[in-house]
Amino acid sequence: MRWGNIMANKADEAVPAARIEPPVRDEFEREPRSIGEIGEISRSLSPWQRLRDNSLARNLFILVVLGLIWQIYAMWANSPLLFPTFTATIQALWDSTVHGPLLIRAWNSISILLIGYVSGVVLATLLTMFAVLTRFGSDLLGVLTAMFSPLPAIALLPLALMWFGLGAGSIVFVLIHAVLWAVALNMLSGFISVSETLRMAGRNYGLKGWRYVAKLLMPAAFPTILSGLKIGWMFAWRTQIAAELVFGATSSGGGIGWFIFENRNELQTASVFAGLFTVILIGLLVEGLVFRTIEVHTVRKWGMTR
Amino acid sequence: MPTATINRTETESVAPGATPLLDVKGVTLQYKTKKQIVTASYQVDFQVFPGDRFVLLGPSGCGKSTLLKGVGGFMSPVEGEINLNGKPVHAPGPDRMMVFQEFEQLLPWKTVLENVVFPMVTSGKYARAEAVDRAKRYLEKVNLTKFFDAYPHQLSGGMKQRASIARGMAMGPAILLMDEPFAALDALTRLKMQEELLELWEELRFTVLFVTHSIQEAVIIGSRILVLSPHPGQVRAELNAQQFNHANQDCAEFHALQQRIHDMLFAERIDAMGQHHGE
Numbered sequence: 025m026r027w028g029n030i031m032a033n034k035a036d037e038a039v040p041a042a043r044i045e046p047p048v049r050d051e052f053e054r055e056p057r058s059i060g061e062i063g064e065i066s067r068s069l070s071p072w073q074r075l076r077d078n079s080l081a082r083n084l085f086i087l088v089v090l091g092l093i094w095q096i097y098a099m100w101a102n103s104p105l106l107f108p109t110f111t112a113t114i115q116a117l118w119d120s121t122v123h124g125p126l127l128i129r130a131w132n133s134i135s136i137l138l139i140g141y142v143s144g145v146v147l148a149t150l151l152t153m154f155a156v157l158t159r160f161g162s163d164l165l166g167v168l169t170a171m172f173s174p175l176p177a178i179a180l181l182p183l184a185l186m187w188f189g190l191g192a193g194s195i196v197f198v199l200i201h202a203v204l205w206a207v208a209l210n211m212l213s214g215f216i217s218v219s220e221t222l223r224m225a226g227r228n229y230g231l232k233g234w235r236y237v238a239k240l241l242m243p244a245a246f247p248t249i250l251s252g253l254k255i256g257w258m259f260a261w262r263t264q265i266a267a268e269l270v271f272g273a274t275s276s277g278g279g280i281g282w283f284i285f286e287n288r289n290e291l292q293t294a295s296v297f298a299g300l301f302t303v304i305l306i307g308l309l310v311e312g313l314v315f316r317t318i319e320v321h322t323v324r325k326w327g328m329t330r
Numbered sequence: 040m041p042t043a044t045i046n047r048t049e050t051e052s053v054a055p056g057a058t059p060l061l062d063v064k065g066v067t068l069q070y071k072t073k074k075q076i077v078t079a080s081y082q083v084d085f086q087v088f089p090g091d092r093f094v095l096l097g098p099s100g101c102g103k104s105t106l107l108k109g110v111g112g113f114m115s116p117v118e119g120e121i122n123l124n125g126k127p128v129h130a131p132g133p134d135r136m137m138v139f140q141e142f143e144q145l146l147p148w149k150t151v152l153e154n155v156v157f158p159m160v161t162s163g164k165y166a167r168a169e170a171v172d173r174a175k176r177y178l179e180k181v182n183l184t185k186f187f188d189a190y191p192h193q194l195s196g197g198m199k200q201r202a203s204i205a206r207g208m209a210m211g212p213a214i215l216l217m218d219e220p221f222a223a224l225d226a227l228t229r230l231k232m233q234e235e236l237l238e239l240w241e242e243l244r245f246t247v248l249f250v251t252h253s254i255q256e257a258v259i260i261g262s263r264i265l266v267l268s269p270h271p272g273q274v275r276a277e278l279n280a281q282q283f284n285h286a287n288q289d290c291a292e293f294h295a296l297q298q299r300i301h302d303m304l305f306a307e308r309i310d311a312m313g314q315h316h317g318e
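Going line by line, the protein sequences match chains R and V.
Residues are numbered in this note's numbering as their position in the first sequence, beginning at 1, plus a constant of 24.
Residues are numbered in this note's numbering as their position in the second sequence, beginning at 1, plus a constant of 39.
Hints are computed from structural coordinates only; laboratory data are not their basis.
Hints are supplied without guarantee of correctness; some may be wrong.
Claimed, not checked - As a list, the in silico DSBU-like pairs of lysine-lysine whose alpha-carbon atoms are at most 30 Å apart:
1. K64/V to K232/R
2. K325/R to K239/R
3. K232/R to K164/V
Whenever a hint applies, use it, and build me the whole structure from the sequences.
Dropping the structure here:
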């Protein structure tokens, strides 16, 4: 393009078009120099440079700063009832973990959450498989997701309470609703984006029906499926805590939502903060440990994502 | 001048009554775009015999890749029939392994070895132990011994194509279908791959149906060349080229054949298409 412009400019200026010939130059050859003469070829980074390249260290730094701001503000506000200090929150977290019911509460939440999440993902998988293999299935999934995905899961809780009573059943129902549509939508869009060459390769191997979906489409669409699973998990975790806040304890003992509610009633604000902290911690743990591990051992290893 | 020593007997040994491996009879293939139906190839006939290096050659738009898809079973002809070993082709199957032009044809979630093993096991043709054995043997033949446990994204383009060829051959298909497998490679790698394919054929004598738009590649790779004319693809000629390879591509006969094909395809169209189509 640059050449084109230069030529055009010349034409505009009406300079007589002299044909430029590049000068003829001699050929030459050189021996590559030995490495010793060049000196330094690579140098390892200093510890400080390495630290700055470590994302964990950078994130920790942000957390420390946030904690400091919290502590300073809370000490200045001096109102433990409304805004406890960071240290008081950590103290409450320690106490209720070691001496109190926080661990049991967290386990109650997670065990119900897992049931709901896994059932939601299984249902989403079946529905999407059906959608990929038949046209009716894809129409059905399209209509259902369009109808139900805008509907907040927690809005179904009153109905679920009437149908399944006060207990795990209701929460599981609401959780499935929270997970199903998000995961199914992502799975389907992942399947649709699988390249034509890979599809043909799979059919070339004689793969058909559910084997084609399970052995070819699923792994090929795994980057999108994984992000769907993450979104589904986030929805489920939020819905879980919200549902527990609404109706508190069940016969088997309440979850973290109930822990927060209970402590608010007793004006144990530091413990309320500790409960919220636990919700965040579990969220980070699942994201950073579970999903991260899956990602490293699948899509990263396969070079499908950076 | 190197003389043609390889396999002069091959096509000549086929008696008139011999049965072809692949029989394409009067095949018309059409594909749909958003707005129209396009006839890609029109009443094409050809026969491939065991051991052939059969090349489909033609400019873009002659329907050669579509024909290959038809043989692969990915498309059904609207007219005519395609028979493999006397049985009509209806659907894709592991008896016709395809090597695509795109590098991204290996499954990214499997290692090179697993990529070759997977179709053998999943099609039920081989037990796992035997499949692994075969996969290793064929990967060795395409010089990928060191890369058994590598993932496809760690390989170069040429290595990916080698792995795809090993995958196709390890299946022991009745016919290997190659859709411009070297077109996306750089010139040096392409030359090497062509040589390796010929060496492999010398050793194993498989049957291959090879699509290309390069006249030179067709003459080097092919033992028999089907020349197709464009829009829609029709049979223009079927030529013998088994005596040519890299070693004798400077000889007069090689050039004569190249020129003959070139004239066949472009002579009457040179004004419309410009001169850049010359190989």
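Structure-based check of all given hints:
1. K64/V to K232/R: holds (28 Å)
2. K325/R to K239/R: holds (18 Å)
3. K232/R to K164/V: Within the cut-off at roughly 16 Å; holds.
Of the hints listed earlier, there is not a single one the structure fails to meet.
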